Amino acid sequence: MAGGLLLLAGLAELGLLLVLLAAFLAHSLRVVTATLPTGHRLVQLRRDVLRAAEGEVRLASPTSRRDSQLYRQAFEELATSVSGEGAERIERLAREMGLSDQAARWCQSRLWWHRLRGVRFFDHIGGGNDLVPARLGDEHPVVRAAAARWAAHHPSAAAAEHLVAMLDDPDRHCRLVAQDGLIRLGAVATEPLAAYLDRGETPGKALALALAAATGLADARFLWPGLRAAGDSDPGVRAQAATLLAAVAGKRAEQGLLGLLHDPIDPVRVAATRGLGVVSSWELAPHLAGALGDRAWEVRREAALALRRLGPAGRLYLRRALTDPDPYAADMARQVLDLPDRAVGSLGSPP
Amino acid sequence: MTLEPLRLFFDVTAWAVIGYFVVANGFWSALLVTAAWQMVQHRRSSEEEDLRWLLSSSVLPRVSVLVPAHNEAATVGESVLALLTLEYPNLEVVLVNDGSTDETLDTLVQRFELQSIHPIYRRVVATRPVRALYRSRLHPGLVVVDKDNGGKADALNAALNLATGTLVCAIDADTLIEPAALLRIVQPFLASDDVVASGGTIRVANGSLVQAGRVVTPRAPRRPVAGLQAVEYLRAFLFGRLGWNRLGGNLIISGAFGLFRRDALRAIGGYQVESIGEDMELVVRLRRAGLERGEASRVVFVPEPVAWTEAPESIRVLGRQRDRWQRGLTDVLWRHRQLLFNPRYGAVGLVVTPYFFLVELLGPVVQALGLVGVAAGLALGMVDVQIALLFLLAVYGWGLLFSIGALLLDELTSRRYEGMADRVLLVCWALVEPFGYRQLSVVWQLRGMVRAVRGRSDWGEMTRQGWRGEPFTMPEPVSRPYPR
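Heads up: the sequence lines are chains A and B, in that order.
Counting in my numbering, the first sequence runs from 5 upward without gaps.
Counting in my numbering, the second sequence runs from 1042 upward without gaps.
If you're looking for bench data, these hints aren't it; they were derived computationally from the structure.
Because the structure is a prediction, the values reported are computed rather than measured.
Backbone N, C-alpha and C define an ideal beta-carbon position, used for all residues, glycine too.
Check before you lean on any hint, since a few could be wrong.
To be verified - DEER-style ranges, computed between Cβ atoms:
1. B:Glu1333 / A:Ser237: 20 to 30 Å
2. A:Lys255 / B:Gly1310: 41 to 51 Å
3. A:Arg299 / B:Gly1310: 15 to 25 Å
4. B:Asp1235 / A:Arg34: 21 to 31 Å
5. B:Phe1382 / A:Asp134: 20 to 30 Å
6. A:Gly315 / B:Thr1207: 37 to 47 Å
7. A:Gln259 / B:Asn1190: 35 to 45 Å
8. B:Glu1154 / A:Gly315: 22 to 32 Å
9. B:Leu1179 / A:Arg323: 26 to 36 Å
10. B:Ser1070 / A:Asp71: 38 to 48 Å
Said to hold, decoys possible - Where chain A lies over chain B, by a calculated footprint (3+ residues, C-beta under 8 Å):
11. 1085 to 1096
12. 1405 to 1416
13. 1454 to 1466
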């Protein structure tokens, strides 16, 4: 009985080992034998695609599945290296070769990785205007994110609307891609984003992302949403609002930032102080000098750096702070002015 | 008649050892299956992915690469240059000259035109005294900290104090990172808010062609000691660590290449200088602190970002390294023994830590017991030959399956080697690994455990061949426009 079991176990292990070994070697062999010819074929194909795009030759249709994969690779590599008319020609050629039709079929596949492949093809080559927007609501987050990247390359109010809506996506990666996409879209994204922020019913995380995207766009239209967000109950939103106000700038924005200097949460005050440093107005120097005595080290540091950036007016306040009765303010001023310890006497160091 | 109790003892011991390995192998099998599933998903989602959009993205977090360097004058220039040219849009390199007695600092000053700076920074983590700080005029993203010697953990802590990135990447000075590795290792942080650390695959670079701090032609190691380790590394990373992503999360991120949330590291006080397994200890403490405070604590392994390291080529040096690793494991599990079987820590307390205790720590003891017991039993005629064969099948046959499984996973996904010869060589190393090498490893690990109990905490002398013998020429342009 034991002998039989042992034999069975031994044979099972040996069988499994042989199967794994055979799979490994067969796959390796296939890869190795395919790599060299594939490399040559790819180089040739790239050349042919370029000549065909110029109208010099007619490109032969792919003859096998592997061939079509190579065509796709060659087209994608070239399309991502050119822009303007050249990119349009390559896109047209891909349509003529039937590659776009194949990608369109993938976009409607039941398998998420096929849909992903289809969306990525259109993202690299161009086209897909009637198919890819539908994938922005795909059930799989990787496909949604790929579609959002496509949208970022197709500036339109509709694309911006889609990306704004994606700021609420349950998947964090999708939200980040949407934020990135809105910044890339530029001016066309301002209106939908401002409208989204004006609604005032955005949840905390999405609001912070929307404010971050607005910071990237830095348009005056975001002033009021920024000021409203400065009063939000979420500290993350308030900190982001401070960054936005600094990007928008102007008297109202400065007032908003000064208000945030008294926020009870450290990171919010840090963002506000840094924001005042970005605005860099000499009129703000007294407020920044006051922040040198803040209880948070980061706030004191940002205030001191902001004062140094202000030039002579800021340096004046820093020098005054050297004799400040608050040792923390004096120590930070000393560090920013790059003075040795003895220059300000035995003030001690903050813990 | 009097031999019967002894025979019974041998039989019981042999069956207990076999039972132990069936359970342990069951665990590894579960890891392999989970890893294979994740590999398939990873491959599907990264197919035809173009990472170039990330290079021009303004939403990527800043990454500070922390590099401890001690007497690295011969290679530090090229290593730093390779780091500065990594493909990442928002990058800072903080190199710490940890009391080198050679020309490491002079080399850096001359090559990168370092100038003294006086930044306002906070010493969040206590370190040995910092002598001076420098920034490169040629590459403003390079900051050099010159400090008294305090060891790797102390150097990393000094770099952590200076780092301005939201994320910090801890590496060894001799780690060779693939150009797009940072773009890949950062992905878990982009995908989830609760990630505190991510790690990538470390591969053995011995035998590969290295130029300008990059592996330009990967090759399987030709020498046995390095070759056996190459298989071991693939097995450990590709299914050992990948599998844990779904079974409770990792407890180890390699000290050679790992990405961490800077604030989380600072909040726990950085690296433990007195711990011998400082990289594992850090991850365990990070996870533990996160779970205790109800904050982010997920540690994710990503198979695709690859860093290359030089494995020891001499048995003696390898023995010292394994001895130290086992001492580190013992030390970490002792420091964090409260985690063990503690439901408060969820899967970490009930699955991950018990696995490391029962399988990784006690495995060598049981294996040694089985080997000695079976050999003695056979010699005395107390153990049935069939039981001895079953032991070999459970311990070494199954192990071989895991090695070949790991090679297959590698082949199906990252596939770094170009030729058939390298692949066949790896299979050969995998086939011979159970005979001799595994038993030697058990001896080293047991020695490490004994030394840990005795309280020995030195690193032992580690000598490396280095990459300096390789000629410096600019790498050939890659035929593919960008890694896919």
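Verification of the supplied hints:
1. A hinted range of 20 to 30 Å for the beta carbons of Glu1333 of chain B and Ser237 of chain A is consistent with their spacing of about 27 Å.
2. For the pair Lys255 of chain A and Gly1310 of chain B, the supplied restraint of 41 to 51 Å holds, since their beta-carbon distance comes to about 44 Å.
3. The given range of 15 to 25 Å is respected by Arg299 of chain A and Gly1310 of chain B, whose C-beta atoms sit roughly 22 Å from each other.
4. The supplied range of 21 to 31 Å is broken by Asp1235 of chain B and Arg34 of chain A, whose beta-carbon atoms lie about 40 Å from each other.
5. Restraint check, Phe1382 of chain B to Asp134 of chain A: a C-beta distance of roughly 58 Å breaks the suggested window 20 to 30 Å.
6. Against the hinted window of 37 to 47 Å, the Cβ-Cβ separation of Gly315 of chain A and Thr1207 of chain B comes to about 30 Å, which falls outside the hint.
7. The supplied range of 35 to 45 Å is broken by Gln259 of chain A and Asn1190 of chain B, whose beta-carbon atoms lie about 52 Å from each other.
8. A hinted range of 22 to 32 Å holds for the C-beta pair Glu1154 of chain B and Gly315 of chain A, which are about 28 Å apart.
9. For Leu1179 of chain B and Arg323 of chain A, the Cβ-Cβ distance of about 34 Å falls inside the hinted range of 26 to 36 Å, so the restraint holds.
10. As the Cβ distance of Ser1070 of chain B to Asp71 of chain A is approximately 39 Å, the hint placing it in 38 to 48 Å holds.
11. With 8 residues having a Cβ less than 8 Å from any Cβ of chain A, the region 1085 to 1096 of chain B passes the three-residue criterion, so the hint holds.
12. Coverage of the region 1405 to 1416 of chain B by chain A is violated in this model, with 0 residues showing a Cβ closer than 8 Å to a Cβ of that chain against a need of three.
13. Check result for the region 1454 to 1466 of chain B against chain A: holds, 6 residues qualifying (beta carbon to beta carbon below 8 Å, three or more required).
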